[in-house]
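Engineer: Generate coordinates for the entire structure from the input sequences, incorporating the hints supplied.
Protein chains: 2
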Amino acid sequence: MRFETLNKYVLKCPRCGFETEASPYIMRCPKCGELLDALLIADKVKLRWNELRGRGVWRYRDLLPEPNSIVSIGEGATPLIRLRSHGNAYIKFEGTNPTGSFKDRGMTIGVSLASSIGVKGVIVASTGNTAASAAAYSARAGLNCIVVLPKGGVAKGKLGQAILHGASIVDIPGTFDNALEYVLDTVLINGSADHINYYPLNSINPWRLEGQKTIAYEVFEEVGVPDYVFVPVGNGGNIYAIWKGFRELMEHGMIDHVPKMIGVQASGAAPMVRYWNGAGEAKIENPRTIASAIRIGKPVNWFRAYRAVKYSGGAFIEVSDDEIIRAQAMLGKEGIGVEPASAASLAGYLKALGEGLIGPSDKAVLIATGHALKDPDALLMGNANMISISSINELRNLVMGNAIA
Amino acid sequence: MRFETLNKYVLKCPRCGFETEASPYIMRCPKCGELLDALLIADKVKLRWNELRGRGVWRYRDLLPEPNSIVSIGEGATPLIRLRSHGNAYIKFEGTNPTGSFKDRGMTIGVSLASSIGVKGVIVASTGNTAASAAAYSARAGLNCIVVLPKGGVAKGKLGQAILHGASIVDIPGTFDNALEYVLDTVLINGSADHINYYPLNSINPWRLEGQKTIAYEVFEEVGVPDYVFVPVGNGGNIYAIWKGFRELMEHGMIDHVPKMIGVQASGAAPMVRYWNGAGEAKIENPRTIASAIRIGKPVNWFRAYRAVKYSGGAFIEVSDDEIIRAQAMLGKEGIGVEPASAASLAGYLKALGEGLIGPSDKAVLIATGHALKDPDALLMGNANMISISSINELRNLVMGNAIA
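Protein sequence lines correspond, in order, to chains A and B.
When we follow the numbering used here, the leftmost residue of the first sequence carries the number 1409, and every step to the right adds one.
When we follow the numbering used here, the leftmost residue of the second sequence carries the number 1409, and every step to the right adds one.
Everything labelled a hint here was simulated from the structure, so no lab data went into it.
Each hint can be trusted.
Simulated pairs of lysine-lysine, BS3-like, Cα-Cα distance not exceeding 27 Å:
no., chain 1, residue 1, chain 2, residue 2
1, A, Lys-1452, A, Lys-1416
2, A, Lys-1741, B, Lys-1559
3, B, Lys-1528, A, Lys-1741
4, A, Lys-1528, B, Lys-1741
Since this is a predicted model, take the numbers as computed values, not measurements.
Structural biologist: So, in structure tokens, the structure goes:
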């Protein structure tokens, strides 16, 4: 069966070179088991960059799958905000996506595809943001949605979103890594999902990543090619997707180099840093960090993330939870409200600046992956400057007496 | 003192006709006490609609105050999403603004102005969204921020945002109406705020409303002039601002009529409906509704809201908390996550459709004012479809056995 929607793509194994016609179902290489890359076939792409129209992800449809019917809630077109306090950096604020995280960029592609191939629903394992996004987009498409979550490991806002959008919420004991194992064991047979009525939309799915790559296109349209892009790394899909976006711009002659990709992990959940430093496999047990969105010990896209960093000349670095919390507060003082995981990119940038790995004039883009409102409990733990009063005179004294710092 | 920033405006009293040069400080008419309108002076406006550039609020700078330095976090440019389930309606999803509500549109103007006139900080009373927005924008501008909140009456996400962005949080006993009274009594003398170092940014401030009117411009750019615009009404500033935006388009020859403005209130907090029906003043004591963002009994902008509805040929209507909750869930099933107050506009639309006040083919825009994540507790109270499992086989049975509805 041919899928017209995907006919400008080929699926290729980055490890053994196996190639096959694009299909929405095939995720892993049937020869060696590696996750397959969805690659654009150059002469099937009609890129009319000067004629881009509209806003957000689908502005770049020349470089995307083209489903007959598009399931969209207005994702993408997020602000790029100059950091006032340090260096030459911009925050790409993905918290302004419809469900409050970058996941919406991929989900609009993934659910449009699911809808066009006629499945009953979609299924994802999630630390929360993927669940919220899958629930919203599948609701819009009229598809069922099953989200598999680590019990007690999901921030309150995200759980509330999955409820609001009517997902079936399945919780399991253990971590996100276990949840993903549950899902993959259920939906993939020999690397393919064609036997099942629930379409898997974790980041093993290369089509979801096609949506996420549009972050690169938007950054390019606003500030050209930065020297560095800092990305919080959990399961490893997003850093690969952004790198892929820049690489495609290069392949189509739009730019002559790609930015160095810097993957930032929390110290307690840093399997990629471990692997990068030659200290063993990209796997750790019992990942721990306050940043629940990147609390992942066995990144399924580890080889994708590794290639993005390696081939771009970047690095993996780690930051402590304290550094993450400080960076979140610092962004708050810049007027930008992000969840803890998002602040990892600023924490990593400050660390790289401090250690002289990059210079203060190097242009850096820091990906802020999700909104502060995703994790309200993390906000309420912050240092609050609260004053209770019971008369107008007290307020007058406060304001006039300059008693407020 | 002249304010160049505002030199295309005049301040005019809509009740007694008093006029004065535009100033950021003067809010009430010194003759009769009514809130002053900030009106564009036609021959000082250079409107180049075909040359609009950029995204969001400042795309419309020809029709806005022009401070020297703009304090922006990428507000505006929100999605307009077709409602699938009913009639001919579009949701203007303001939850994708940087702090998750439409307040950001006004705050970028208000805080830019505050910054340019050199005050120490800003002050607002708030049900929560204004606090979150004022806190973020003043943080970005390096200004202090005092937010005055009704104790226990603010949704958790919004309080967390005020903390994150470093506001001084003052809580008082009573309702939002009391909080606003505290602030106005503290900052205004004879209707002006020029004696104080904290600039008031409640919706009495006409400059904040100038930002909010850009909702009308964006709607016009996407779908022309709708037949109806449904707006949740709390303090009454937003419905006036949107109407003013359309009216300005008419005054500049862009359109030949304005949409009918429908103000929607929660039954337990419906002073405008009371006034509209001739049942007394636009004031009630002890407003009650689950929709905390419109839990307001004494709308300070009641005369502005009244004029918008009256002169556009619209109406004020009320909906019950049950209707609001059902509308929130219905939007959830459309993939759009809003806080309860935002769902009032859909609840009002459905009521108007049901009662035949409007027809199913009339084009309606429903303003969804804030994001679902603003009020996570309201989400967690929803009907959750939760299943706990502890083995992969159980998941397999669930998925294969189609046990999930």
